[in-house]
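Going down the list, the sequences are from chains G and U. Mapping to the working numbering: the first sequence position 141 is 141, numbers consecutive. In the working numbering, each residue carries its 1-based index in the second sequence increased by 363.
Wrong hints could be hidden among the right ones.
Beta-carbon label-pair distances, calculated as ranges [unchecked claim]:
#	chain 1	residue 1	chain 2	residue 2	range
1	G	S274	U	E697	40 to 46 angstroms
2	G	D61	U	R507	35 to 41 angstroms
3	G	D113	U	R507	27 to 33 angstroms
4	G	P271	U	S714	42 to 48 angstroms
Short derived list, chain U residues pointing at chain G, Cβ under 10 angstroms [unchecked claim]:
#	residue
5	G417
6	G418
7	R509
8	A569
9	A602
10	Y603
11	T607
12	S637
13	P639
14	M644
15	I645
16	P654
Note that these hints are calculated values from the structure, not bench results. All residues carry an ideal CB built from backbone N, CA and C; glycine is no exception.
2 protein chains.
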Amino acid sequence: MALSRRFLILAEGSFGPLSSKTANACIRYVPDEVAAVLDSRTAGRKAQDVLGFGGNIPVVDSFAAGMIHLPNALLIGIAPAGGQFPDAWRSIVCDALRAGLDVWSGLHTMLGDDPEFAALAAVSGATIRDLRRMPSGLEVASGRVRDVEATVVLTVGTDCNIGKMTAQLQVQSSVRQLGHRVNFAATGQTGILVEGRGIAVDAVIADFIAGAAESLTIEAAAEADIVLVEGQGSIIHPAYSGVTLGLMHGALPHAMVLCAQPSRTSIHRNPWVSIPSLSEMIRLYEAAMEPLRPSPVIAIALNTFDLDDREARLAVERVRSETGLPTTDPVRYEPLVIAEAIAAFHVERVSERNVLSPPAMIG
Amino acid sequence: MALSRRFLILAEGSFGPLSSKTANACIRYVPDEVAAVLDSRTAGRKAQDVLGFGGNIPVVDSFAAGMIHLPNALLIGIAPAGGQFPDAWRSIVCDALRAGLDVWSGLHTMLGDDPEFAALAAVSGATIRDLRRMPSGLEVASGRVRDVEATVVLTVGTDCNIGKMTAQLQVQSSVRQLGHRVNFAATGQTGILVEGRGIAVDAVIADFIAGAAESLTIEAAAEADIVLVEGQGSIIHPAYSGVTLGLMHGALPHAMVLCAQPSRTSIHRNPWVSIPSLSEMIRLYEAAMEPLRPSPVIAIALNTFDLDDREARLAVERVRSETGLPTTDPVRYEPLVIAEAIAAFHVERVSERNVLSPPAMIG
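Can you build the whole structure from these sequences, using the hints too?
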């Protein structure tokens with residue numbers, strides 16, 4: 001990871017808890033690398049005031065005002081549906097490239113392929129990092145991920161944009177504190193931004209979704225006992241379910257953690273799709289995995305950001321009671337119960353494997 | 364469908380039952396659109412003699428000899444491993460473009476991006492049709508396909524490469540004979556070649572699988588009462604399940620036809636994935652559709668090509684008995700029972716819809 005990054009985050013007109021996903025993840029997970037946020041609508045406030053986290057990171061109203069905070073990179077801070085570049089931002093990106101700032105983008109539009117941007121970067125020596133660029137040399141999935149010894153855990157969701165990556169990152173620290181070597185396999189532009197590596201599986205050619213997931217999982221497993229694979233979309237999402245299932249069948253998780261937002265009753269931007277009960281969602285996910293590798297849902301991560309504390313606690317209790325599974329909001333509360341469920345699953349799996357195939361030599 | 368196409372099929376050195384897949388599909392499904400095959404090795408024979416089907420379509424030994432049969436398009440008739448363009452064919456493609464013939468290709472190499480080909484096409488006014496090119500302007504799926512009035516039927520399979528497209532094309536003629544306006548929505552390169560339009564959904568960026576399927580279905584529904592959508596992969600395929608589910612949720616079929624090969628017990632090239640019973644496959648497909656649009660499997664299309672006649676009839680009987688659904692091998696036998704199941708489903712759906720929302724004006 002480039003520790004020397006100092007981002008000016010471009011979120012013009014969009015900085016907020018739900019509308020600037022990439023910006024928010026960057027602020028939450030690598031706040032030390034954020035110089036300022038550019039959004040004229042919320043300018044003058046601090047990230048903490050806008051998002052509820054982020055401390056004193058300032059929000060500024062112009063590129064020039066942002067430069068006062070000495071950024072060395074511009075991060076495109078939104079992830080709109082379809083991932084197109086908002087043309088109103090062109091002049092800001094041009095200003096950044098002229099000033100020699102690297103540009104990081106998780107959009108589907110490859111900014112590095114834009115002739116104007118490419119020319120400006122060539123002149124100033126800036127680098128354009130398109131996080132969603134499909135790597136070359138991808139293969140279709142073959143099931144070779146079955147040889148991985150690490151325990152693979154995938155987050156899955158009732159919907160997209162529900163906190164799967166956030167839950168995973170919170171849980172990762174907690175699993176590590178329990179004494180396990182754990183790796184995070186980033187599958188989306190934001191996870192890649194935070195982790196410094198990964199493949200945006202929603203941006204590869206469709207035939208290679210599972211192959212990309214397989215390759216990522218194998219790579220992350222090389223130095224870990226437990227691999228947490230970043231989930232994407234939802235198996236019931238009308239636009240992104242293909243990415244979700246391809247990721248499931250490519251990563252072949254041994255277990256899954258289901259993420260849900262208690263207040264959400266229908267799919268984001270698709271009110272015509274009602275979200276079924278969590279028991280039904282668990283049944284759907286487990287049934288979809290069963291023919292390839294039985295993979296139980298072993299914990300529930302709730303996103304209760306829009307509930308007051310009493311409502312949040314009630315929601316956690318209700319879900320724990322409905323599903324019989326360890327449940328918490330791993331951002332609002334301690335992620336430990338989820339980490340413990342993962343660690344316990346891992347320990348049991350390892351001991352079962354050792355019984356089934358004892359090591360050839362002992363001592 | 365572009366009824367005016369007359370293909371000269373380029374299969375130089377490769378025309379044969381196993382070595383010219385694209386040529387053979389074209390000859391099998393749209394023989395009236397094939398003027399001649401160019402292959403100096405088998406020149407002088409008829410397609411029937413080389414393939415065992417294709418009637419009197421002549422094989423010629425040169426581009427000039429092919430032109431005598433008045434083609435208006437050149438089809439690249441092979442799908443070699445890697446999908447690259449054989450450079451020995453360059454002069455023939457140039458000749459064709461100079462003569463104003465359109466060029467159709469299902470290769471991975473985009474012929475339209477070749478500067479020499481593009482320049483010749485620009486001069487002569489010929490069109491280069493790269494069947495695998497991802498169309499520009501694709502959008503993520505939004506559910507607008509729900510406004511379609513036509514009955515949408517998707518083929519799904521226990522595996523890939525099991526005869527979904529072939530079954531669909533056989534059934535299409537049969538549904539038409541029953542008096543319905545029916546359209547085929549092609550989702551793979553061969554289907555696109557046969558139909559003259561479509562999108563290879565396995566070749567789009569992963570986030571757009573469902574959007575491509577939605578767009579295809581809406582287009583096909585504009586002039587039809589029944590749309591048959593070409594299925595891809597399988598919901599249990601370890602490499603391609605993402606394409607399958609994205610296609611399902613993008614096309615939002617009202618009903619599905621399940622394709623299976625009785626002799627196949629595990630996934631093609633993935634023997635570690637056993638194919639569940641057909642009842643279980645039906646349950647999986649229906650469960651995956653349920654949250655978006657309940658969509659029953661209404662018929663079974665078997666591919667019995669590798670069974671003798673007695674085994675084939677027993678297989679059909681056994682599956683009919685196991686599933687309780689109309690079952691046949693629509694290539695080996697009459698596809699009528701599947702067509703009738705689709706037509707009956709359509710008629711019932713229309714009558715239910717008319718009861719629910721009667722027309723504002725009658726007469």
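Output the numbers, in ascending order, of every earlier hint that fails for this structure.
4, 5, 6, 15
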